[in-house]
Amino acid sequence: MKKRYLEAGQIVNTHGVTGEVKVQSWCDAPEVLTDFNTLYDEAKQPVRVKRSYVHKGCVIMRLEGVDTCEAAEALRGTVLYLDREDIDLPEDLVFVQDMLGLPVYDRRTEATIGKLKEVLANPAHDMYIIAREGKPDALIPACAPFLVEVDLEGGRIVVETIEGLVE
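With positions in the sequence shown counted from 1, the corresponding number in this note's numbering is that position plus 173.
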(Lines of atoms letter the chains of each structure in order from A; the text may use other names.)
(Lines give C-alpha, C1' and ligand atoms only; values in the text may rest on other atoms or scores of the structure.)
Protein backbone atom coordinates (compact mmCIF):
# COMPACT_ATOMS: atom_id res chain seq x y z
CA MET A 174 0.00 0.00 0.00
CA LYS A 175 1.35 3.40 -0.95
CA LYS A 176 1.96 5.88 1.82
CA ARG A 177 0.00 9.11 1.45
CA TYR A 178 2.64 11.23 3.19
CA LEU A 179 6.22 11.09 1.95
CA GLU A 180 9.24 12.15 3.97
CA ALA A 181 10.60 15.34 2.43
CA GLY A 182 13.20 16.64 4.86
CA GLN A 183 14.05 17.56 8.41
CA ILE A 184 14.37 20.82 10.29
CA VAL A 185 18.01 20.79 11.36
CA ASN A 186 18.53 24.29 12.74
CA THR A 187 17.30 27.84 13.02
CA HIS A 188 18.34 30.56 10.60
CA GLY A 189 18.70 34.13 11.74
CA VAL A 190 16.82 35.66 14.65
CA THR A 191 13.33 36.05 13.22
CA GLY A 192 12.14 32.43 13.40
CA GLU A 193 13.26 30.97 10.08
CA VAL A 194 14.20 27.28 10.03
CA LYS A 195 16.89 25.45 8.08
CA VAL A 196 15.58 22.28 6.40
CA GLN A 197 17.77 19.46 5.11
CA SER A 198 15.91 18.33 1.98
CA TRP A 199 15.53 14.63 1.28
CA CYS A 200 14.21 15.30 -2.23
CA ASP A 201 16.20 14.90 -5.44
CA ALA A 202 17.10 18.58 -5.22
CA PRO A 203 16.49 21.10 -2.43
CA GLU A 204 14.61 23.35 -4.88
CA VAL A 205 11.77 20.81 -4.94
CA LEU A 206 10.67 21.88 -1.45
CA THR A 207 10.39 25.53 -2.47
CA ASP A 208 7.46 24.60 -4.73
CA PHE A 209 5.15 23.75 -1.82
CA ASN A 210 3.07 26.13 0.30
CA THR A 211 1.95 23.36 2.65
CA LEU A 212 4.01 20.61 4.23
CA TYR A 213 3.00 18.28 7.05
CA ASP A 214 4.54 17.55 10.44
CA GLU A 215 4.98 14.15 12.06
CA ALA A 216 1.34 14.20 13.24
CA LYS A 217 0.35 14.90 9.60
CA GLN A 218 -0.90 18.35 10.56
CA PRO A 219 -0.45 21.07 7.91
CA VAL A 220 2.54 23.36 8.21
CA ARG A 221 2.05 26.51 6.13
CA VAL A 222 5.14 27.83 4.37
CA LYS A 223 5.09 31.61 4.01
CA ARG A 224 8.41 31.82 2.18
CA SER A 225 11.24 29.46 1.22
CA TYR A 226 14.52 29.60 -0.66
CA VAL A 227 17.65 27.50 -1.11
CA HIS A 228 20.78 28.58 0.78
CA LYS A 229 24.01 26.53 0.80
CA GLY A 230 22.28 23.27 -0.13
CA CYS A 231 19.49 23.57 2.44
CA VAL A 232 16.07 25.18 2.33
CA ILE A 233 15.41 28.19 4.53
CA MET A 234 11.73 28.46 5.45
CA ARG A 235 9.54 31.01 7.14
CA LEU A 236 6.67 29.01 8.63
CA GLU A 237 3.30 30.44 9.62
CA GLY A 238 3.10 30.94 13.38
CA VAL A 239 6.86 30.67 13.90
CA ASP A 240 8.07 34.20 14.56
CA THR A 241 10.86 33.83 17.10
CA CYS A 242 14.17 32.04 17.29
CA GLU A 243 12.85 30.09 20.31
CA ALA A 244 9.80 28.87 18.37
CA ALA A 245 12.05 27.81 15.49
CA GLU A 246 14.44 26.05 17.88
CA ALA A 247 11.54 24.05 19.31
CA LEU A 248 11.00 22.56 15.82
CA ARG A 249 14.57 21.27 15.46
CA GLY A 250 14.50 17.58 14.52
CA THR A 251 10.97 17.71 13.10
CA VAL A 252 10.53 15.63 9.96
CA LEU A 253 8.46 17.33 7.26
CA TYR A 254 6.27 15.45 4.82
CA LEU A 255 4.69 16.05 1.41
CA ASP A 256 1.19 14.87 0.60
CA ARG A 257 1.40 12.52 -2.40
CA GLU A 258 -1.73 14.17 -3.83
CA ASP A 259 0.06 17.55 -3.99
CA ILE A 260 2.84 16.18 -6.22
CA ASP A 261 2.61 16.10 -10.00
CA LEU A 262 4.94 13.21 -10.82
CA PRO A 263 5.67 12.32 -14.47
CA GLU A 264 4.14 8.99 -15.46
CA ASP A 265 7.49 7.23 -15.97
CA LEU A 266 8.82 8.09 -12.49
CA VAL A 267 8.08 6.50 -9.12
CA PHE A 268 8.70 7.49 -5.53
CA VAL A 269 11.66 5.76 -3.90
CA GLN A 270 9.55 5.18 -0.80
CA ASP A 271 7.15 3.08 -2.88
CA MET A 272 10.02 0.84 -3.99
CA LEU A 273 11.67 0.22 -0.63
CA GLY A 274 11.12 -3.35 0.55
CA LEU A 275 10.17 -4.68 -2.87
CA PRO A 276 11.74 -7.99 -3.91
CA VAL A 277 14.42 -7.70 -6.59
CA TYR A 278 14.25 -10.39 -9.28
CA ASP A 279 17.27 -11.12 -11.50
CA ARG A 280 16.38 -12.25 -15.04
CA ARG A 281 19.85 -13.71 -15.62
CA THR A 282 19.69 -16.10 -12.65
CA GLU A 283 15.88 -16.38 -12.71
CA ALA A 284 15.79 -15.85 -8.95
CA THR A 285 14.90 -13.22 -6.38
CA ILE A 286 18.17 -11.88 -5.02
CA GLY A 287 16.81 -9.87 -2.08
CA LYS A 288 14.77 -6.80 -1.19
CA LEU A 289 15.45 -3.16 -1.98
CA LYS A 290 16.89 -1.68 1.20
CA GLU A 291 18.01 1.77 0.09
CA VAL A 292 18.60 3.94 -2.97
CA LEU A 293 21.86 5.89 -3.06
CA ALA A 294 21.78 9.02 -5.20
CA ASN A 295 24.94 9.42 -7.27
CA PRO A 296 25.73 12.01 -9.95
CA ALA A 297 25.79 9.50 -12.82
CA HIS A 298 22.91 7.27 -11.69
CA ASP A 299 21.32 5.93 -8.53
CA MET A 300 22.54 2.71 -6.92
CA TYR A 301 20.19 0.16 -5.41
CA ILE A 302 21.28 -1.49 -2.18
CA ILE A 303 19.76 -4.95 -2.06
CA ALA A 304 19.44 -6.67 1.34
CA ARG A 305 20.13 -10.39 0.94
CA GLU A 306 19.34 -13.01 3.56
CA GLY A 307 22.50 -14.39 5.13
CA LYS A 308 24.74 -12.53 2.65
CA PRO A 309 26.27 -9.07 2.39
CA ASP A 310 24.17 -6.37 0.74
CA ALA A 311 24.50 -6.13 -3.03
CA LEU A 312 24.88 -2.93 -5.08
CA ILE A 313 23.18 -2.73 -8.45
CA PRO A 314 23.23 0.33 -10.73
CA ALA A 315 19.74 1.72 -11.26
CA CYS A 316 20.21 2.24 -14.99
CA ALA A 317 20.18 0.32 -18.25
CA PRO A 318 21.15 -2.40 -18.90
CA PHE A 319 20.92 -3.51 -15.24
CA LEU A 320 17.53 -2.04 -14.33
CA VAL A 321 14.85 -3.67 -16.47
CA GLU A 322 11.61 -2.66 -14.76
CA VAL A 323 10.08 -1.26 -11.61
CA ASP A 324 6.72 -3.00 -11.37
CA LEU A 325 4.83 -1.41 -8.48
CA GLU A 326 1.58 -3.14 -9.39
CA GLY A 327 3.29 -6.54 -9.56
CA GLY A 328 5.24 -5.72 -6.42
CA ARG A 329 8.79 -6.28 -7.66
CA ILE A 330 11.83 -4.78 -9.29
CA VAL A 331 13.36 -6.64 -12.23
CA VAL A 332 17.09 -6.39 -12.91
CA GLU A 333 19.52 -8.21 -15.15
CA THR A 334 22.90 -8.62 -13.57
CA ILE A 335 26.16 -9.65 -15.14
CA GLU A 336 28.30 -12.49 -13.84
CA GLY A 337 30.24 -11.47 -10.77
CA LEU A 338 28.02 -8.48 -9.88
CA VAL A 339 25.90 -10.42 -7.36
CA GLU A 340 27.25 -13.77 -6.28
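These are calculated hints, taken from the structure and not from any lab test.
Positions of the beta carbon are idealized from the N, C-alpha and C atoms, including for glycine.
There's no promise every hint is true.
[As the list claims (entries may be wrong)] EDC-like, lysine to aspartate or glutamate: derived pairs with alpha carbons at most 16 Å apart:
1) K223 to E237
2) K195 to D240
3) K217 to E180
4) K288 to D324
5) K175 to E326
6) K176 to D214
7) K288 to D259
8) K217 to D259
9) K176 to E243
10) K175 to D299
11) K176 to D256
12) K195 to E243
13) K195 to E237
14) K176 to D259
15) K175 to D240
16) K176 to E326
17) K290 to E306
18) K176 to E258
19) K288 to E258
20) K290 to D259
21) K217 to E258
22) K223 to D201
23) K175 to E306
24) K195 to D214
25) K175 to E333
26) K223 to D208
27) K308 to D256
[What the hints assert, rightly or not] Here are the in silico distance ranges between beta carbons for each label pair:
28) R257 to Q183: 15 to 23 Å
29) G337 to G250: 39 to 47 Å
30) D256 to A317: 41 to 49 Å
31) Q197 to L275: 20 to 28 Å
So which of those numbered hints doesn't the model satisfy?
7, 9, 10, 15, 19, 20, 22, 23, 25, 27, 30
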